[in-house]
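So the protein sequences, as listed, match chains A and B.
Numbering-wise (the numbering used here), the first sequence opens with residue 1 and increments by one.
Numbering-wise (the numbering used here), the second sequence opens with residue 1 and increments by one.
The hints are simulated quantities; they were obtained by calculation from the structure and are not laboratory data.
There could be a bad hint or two in this list.
As the list claims (entries may be wrong) - For lysine to any residue, the following SDA-like pairs were computed, each having C-alpha atoms within a straight-line distance of at most 20 Å:
1. B:Lys326 - A:Pro299
2. B:Lys326 - B:Glu311
3. A:Lys326 - A:Glu244
4. A:Lys189 - A:Pro66
5. A:Lys326 - A:Val236
6. A:Lys326 - B:Asn11
Unchecked claim - Not everything, but these chain A residues come out facing chain B in the computed CB check (under 8 Å):
7. Ala17
8. Asp129
9. Thr140
10. Thr142
Here a beta-carbon is modelled for each residue, glycine too, at the ideal position from N, C-alpha and C.
There are 2 protein chains.
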Amino acid sequence: MVPLDPIDPPNEFELIAALFAPLAASAPEALALTDDAALYATSPGGQTVLTVDAMVEGVHFLPDDPAESVARKLLRVSLSDLAAKGAAPKGYLLVTAWRDGTPLSWMRAFAAGLASDQQIFGIALWGGDTVRTPGPPSFTLTAIGEVPAGTMLKRGGARVGDGIYVTGTIGDAVLGLRALRGGLVGLDKTHRDWLAGRYRLPEPRLAAGGALRGIASGALDISDGLMADLGHLCAVSGVGARIELDRVPLSLAARAAVALDGGLIEAIAGGGDDYEILFAAAPGREAEIADIATETRTPIVRIGTVLPAGEGVNPVDAAGRPVAFKHLGYRHF
Amino acid sequence: MVPLDPIDPPNEFELIAALFAPLAASAPEALALTDDAALYATSPGGQTVLTVDAMVEGVHFLPDDPAESVARKLLRVSLSDLAAKGAAPKGYLLVTAWRDGTPLSWMRAFAAGLASDQQIFGIALWGGDTVRTPGPPSFTLTAIGEVPAGTMLKRGGARVGDGIYVTGTIGDAVLGLRALRGGLVGLDKTHRDWLAGRYRLPEPRLAAGGALRGIASGALDISDGLMADLGHLCAVSGVGARIELDRVPLSLAARAAVALDGGLIEAIAGGGDDYEILFAAAPGREAEIADIATETRTPIVRIGTVLPAGEGVNPVDAAGRPVAFKHLGYRHF
């Protein structure tokens, strides 16, 4: 690592050499970050999947979120998009817009977060851009993945009668955000911390997503909230859906929170930042899905059924009665 | 086009439907912007070139720059990167971070600027992300291009004895920025407006860049300034260079400005935002380069010579005497 002067603000080239070049060292596609471009070829028989996501301080992360977790969440949010497409991640491009006066220690921690997740997910930095901003810092990540041609999972394709499934547990992130903002005061600190961790560090379901190629009829990752994203899946597929709320998988911490305040179930179904895969699959695929859950060590449960479009997108309680929510899903504006 | 309510701020999905979906309509890779991802395959025998650039209001464009030209410049800056790689543009991903209260008319004009340049350059929007920001608006564009495998132009590769060439004219953008900021008051308004146009709307040299594959030994596009980017080319190639300042091609407007203030030559050589291609080529390629200039209708002139690394990177005057500049190139931080 190139030493950086701890007092003078570094220039773009010093930052690239000190922070980013090490993240690109293993990737020939990055051309050592000297060329303003990345160069690569899709594998024979493969197709490239590209996805891009931005995070702005104060909108998508909290000013006091640790730099490591901001960086890792940025990367994982895009990897979650790839997971929901059934794609294998290959590399990424990163744009950092730094506020003047951002401490070098924060930048270094940000790069360290990326480095640790690169190890976990077997990818590397291929390129990017480094700019300054007078506003809040923001970060934009373009992830490059690959699927065998013709196998990418899409949102459209859910058919009436399909089961609706989710991976993992739902609602942890929205509860974690509340805990970080001083809410859920009656909840055990261990639970609050665990939920905050789920908000800060999503788990992209890459193994499950890859295994679902050829099995899921429609899929996406839950970023806007379970009900909102179910609405997106249904809209693109031209179908409706019924979700049995008592089947929605909750973590131990979320169960404890709901035990204290039953109204939180609306936050859980309506919140966001879950980064679990929501998918539909034909009734005959249940055994294969159970095998995928076992083989990829990913909890997968069925939570509902695809209905004709005219039926709408409805949550029901354990007795099958419709549940009315006031606010569903994250509104970006 | 989906009608947008002129009073309520639109949400992300309304914005995508109204502004961005039309920009993606012609591209199967975009999956109608319904899938959080773009899907494509490189042509057989091709390699993909990816480049990403960000523009922040107040840093990379002026608050009163017209929305159309901000959008077109954003796109053209990335296309210029592809041009300098010899790559043909295929599509792009766009992240827009809108400040709360941005008028819809401004957003519409932004999209209209993209639409007009998509026509000119034969590309389409493949995907992106739309977020809000409490800070200045910023835009990030990932451009996807293609080259025949093994032919991408790189920065490293300039050899001692090669000629150094540039396309177009140098310094117009930095002078245009000065004019927009109220400078160059003695200069004719026609010249000031023309220079401002060159600042706002660079001309990516795609035809010339493509034709230079196999001919240029090293190439980049000038964004930080002629001398700074020459420094980058030389650093990556491990060489030095001598630039004959009187050979640096100037527009009529730039000549008129220099006639009024000879000191502007430093701004011209040190400024940025030219988005012309700077390249090196072996002495035997001169005739081919002249043919490329004719065939692609792109001015290309030789401005210097590659020297051994120990010679440094030096501008000289018409008599061959070294010229000392105080400030060379755009510092990003």
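Check your understanding: Which hint numbers doesn't this structure obey?
Key -> 1, 5 and 7
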